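Sequences and hints are given; from them, build the entire structure.
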Amino acid sequence: MANRRSVMSTSAEPPSSSNNDPLRELFEACKTGDIVRVKKLVNPQTVNARDTAGRKSTPLHFAAGYGRRDVVEFLLATGASIQARDDGGLHPLHNACSFGHADVVRLLLEAGANPNTRDNWNYTPLHEAAIKGKVDVCIVSVCTVAQLVDQGHSPHLVAATCLFTYRAQFRFEFSALLQHGGDANIRNTEGKTALELSDSAARPVLTGDHRKEELLEAARSGAEDRLVALLNPLNVNCHASDGRRSTPLHLAAGYNRNRVVQLLLQHGADVHAKDKG
1 MANRRSVMST SAEPPSSSNN DPLRELFEAC KTGDIVRVKK LVNPQTVNAR DTAGRKSTPL
61 HFAAGYGRRD VVEFLLATGA SIQARDDGGL HPLHNACSFG HADVVRLLLE AGANPNTRDN
121 WNYTPLHEAA IKGKVDVCIV SVCTVAQLVD QGHSPHLVAA TCLFTYRAQF RFEFSALLQH
181 GGDANIRNTE GKTALELSDS AARPVLTGDH RKEELLEAAR SGAEDRLVAL LNPLNVNCHA
241 SDGRRSTPLH LAAGYNRNRV VQLLLQHGAD VHAKDKG
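The sequence shown begins at 1 in UniProt numbering and counts up one residue at a time.
No lab work stands behind these hints: they were computed from the structure.
As the structure is a computational prediction, the values presented were derived from the model and not from experiment.
Honestly, I wouldn't trust all of these hints.
[Said to hold, decoys possible] Ranges between beta-carbon positions, derived for each pair:
no., residue 1, residue 2, range
1, 77, 213, 40 to 50 Å
2, 37, 213, 51 to 61 Å
3, 211, 274, 22 to 32 Å
Glycine is no exception: its CB is placed at the ideal position from the N, C-alpha and C atoms.
Listed below in structure tokens is the structure:
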């Protein structure tokens, strides 16, 4: 089997010349985001047509790989298969994640794309995003994760898959993933954990040290909105670096921040955590 890296480097690239071939024109229009041409060329016979000159990608593969959100939205409404695989087993979601198109990723997920789907090398789309360092493709929205769990997908697997994608930024949506059982020590098919894949900017997130001083101050002062924006299950039990090495729960309880205490408990704060004393 061909090396996956070499395959992925050109997975979204059709030949540039249309040569008056309507299908080639369609693929090129999907690549460039020419929604007017796409609307003229798409019909029930072409919406899931394959690029026989390349990796047998569909129009949706190309539009997703080039981040053409309007085209993706139109193709989905016209009957494009969100589960179509190319020769490497990649779905359109793989392409969108690989090239860092967060808005397209979100659109595909909300349309029912499966973040746990695997290609011929057992890579999920979100593994691909992590490996390529696509910061903005780090988060699956709360509603998408909740829907996956409600539909019977393993919360552990959903969260674990998405953990591999978390790089340099943090958003509250990630808390929802972690709260459903994400484990930063789960290994991918190459034996790597999310922590091992992470760069220096992401490492504090996976060790629970990301912006912990701000979190501790929010707990102490009772700043609920700030707390919620910073909190996730990897830092909910962090300890201050100085003083009594208090946790957020220690500080909230000590300063009688009752609502913050409730929020921390809801997010998994350890009532048995000990400070330096």
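Here is what the structure says about each hint:
A hinted range of 40 to 50 Å for the beta carbons of residue 77 and residue 213 is consistent with their spacing of about 47 Å. Separated by about 53 Å at the C-beta atoms, residue 37 and residue 213 satisfy the suggested range of 51 to 61 Å. In this structure, residue 211 and residue 274 meet the distance hint of 22 to 32 Å, their C-beta atoms being roughly 23 Å apart.
In summary, the structure agrees with every hint in the numbered list given earlier.
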